[in-house]
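Quick mapping for you: the protein sequence lines, in order, are chains U and X. For the first sequence, the residue numbers in this note's numbering are -13 to 184. For the second sequence, the residue numbers in this note's numbering are 675 to 827.
Bear in mind the hints are in silico, worked out from the structure with no lab data behind them. Incorrect hints may have been included.
[To be verified] Sample of chain X residues with no beta-carbon within 12 Å of chain U, all distances over it, derived:
| no. | residue |
| --- | --- |
| 1 | SER694 |
| 2 | ARG710 |
| 3 | SER713 |
| 4 | ALA719 |
| 5 | GLU735 |
| 6 | THR744 |
| 7 | PRO747 |
| 8 | PRO752 |
| 9 | GLN805 |
[Unchecked claim] Which bits of chain U does chain X cover? Going by a derived footprint, with three or more residues having C-beta under 8 Å, they are:
| no. | stretch |
| --- | --- |
| 10 | 46 to 55 |
| 11 | 123 to 135 |
In this text, a Cβ means the ideal position worked out from N, Cα and C, and glycines have one as well.
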Amino acid sequence: MRIFRLGCALLVGFVLGCLIYGCSAPKPVRAASLKPDKDRHAAPDFSLKDANGKTVRLSDYKGKVVLLDFWATWCGPCKIEIPWFMDFERKHKDQGFSVLGVSMDDDGWDAVKPFVNEVGINYRIMIGNDSTAENYGGIEALPTTFLIDRDGKIAAVHVGLASKSEIENGIEQLLQRPANAPRGAGSVSLPAEFVGAK
Amino acid sequence: MPLAALAACLCLPSLWAQNSPPQVSADAREKLVAKRGASAQTKIAVSIPPGYHVNSNTPSEDYLIALKLTWTPGALEPGEVVFPKPQLEKYEFSDKPISVFTGDFDLIARFKTPATAPAGPGVMVGKLRYQACNSNACFPPKSVEVRLSYQIQ
Chain U
-13 MRIFRLGCAL LVGFVLGCLI YGCSAPKPVR AASLKPDKDR HAAPDFSLKD
37 ANGKTVRLSD YKGKVVLLDF WATWCGPCKI EIPWFMDFER KHKDQGFSVL
87 GVSMDDDGWD AVKPFVNEVG INYRIMIGND STAENYGGIE ALPTTFLIDR
137 DGKIAAVHVG LASKSEIENG IEQLLQRPAN APRGAGSVSL PAEFVGAK
Chain X
675 MPLAALAACL CLPSLWAQNS PPQVSADARE KLVAKRGASA QTKIAVSIPP
725 GYHVNSNTPS EDYLIALKLT WTPGALEPGE VVFPKPQLEK YEFSDKPISV
775 FTGDFDLIAR FKTPATAPAG PGVMVGKLRY QACNSNACFP PKSVEVRLSY
825 QIQ
């Protein structure tokens, strides 16, 4: 009887532990659609160098819809998405749309430049850093893709390999809307739950 | 019913945590007893959580980061590391199967003990560098420390 009680207590403890762990564990976020306006937060500004040494700031893209892709050369799923993003850049750049790629390769341009040249990436690539990643919620998994509306607010986040049509639908919806307010991109960093990157 | 609850509990956290980096572990299975002037080997138990994989020591694509075990210089001279046969797995993001390890497996770490090595206990410290992915996302390369206790005779 005593052993039975002990067994029950252990089981209850285990179940509670699982539930507590489960509740606190990060949940995958695969935004199925755009966030409502009220739930959007300003995308943190950044200042990173592109392959030509030119500084790229998110705030330079004021009034545009931006697809911001965190990726790396060692990331297989990222390599599936990059040709899609090149396609989006070609199709939508004249409508006020830009793709920005932030590589999280530790080896920097030594690893990234050959890949960019080989694939012929037609959008701006920068080398990321820890502070930029932190500002966007930590970027634990790659690819992580943010859709930023014309007001500089994060309208959708895709963690992991997303669906091409889902991303493109989001871009098209965002392009149809004019900017509401002056862009508020600042140096603020957002908790992961606000950007939805965890 | 308790079994169902148990199964649900075991599965839920792993499902929810799928886009978080995996906690890979690497532990020496036993204390290594090494004789001076002789070779010795030990098993390192590696564990990859369910739903994740790491690239093998011989990745099938140049861009993939290989699994690698290295040792900080110590009393034992590190030798060959023997990896198990990798699995060839096809994922949503790969055109063809890629060479990976999943689940639990052992590496064999070989050492040579110099004839001049002092007798007695010690610890070799190593690093297992891995780059993990799941079926739709990848995680930055990480290293996990491996501590191997030994006794030189």
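Going through the hints against the structure:
no. : hint       : verdict
1   : SER694     : violated, 5 Å
2   : ARG710     : holds, 40 Å
3   : SER713     : holds, 34 Å
4   : ALA719     : holds, 23 Å
5   : GLU735     : violated, 8 Å
6   : THR744     : holds, 16 Å
7   : PRO747     : holds, 24 Å
8   : PRO752     : holds, 24 Å
9   : GLN805     : violated, 6 Å
10  : 46 to 55   : violated (count 0)
11  : 123 to 135 : holds (count 4)
Hints 1, 5, 9, 10, counting from the list given before, are not met by this structure.
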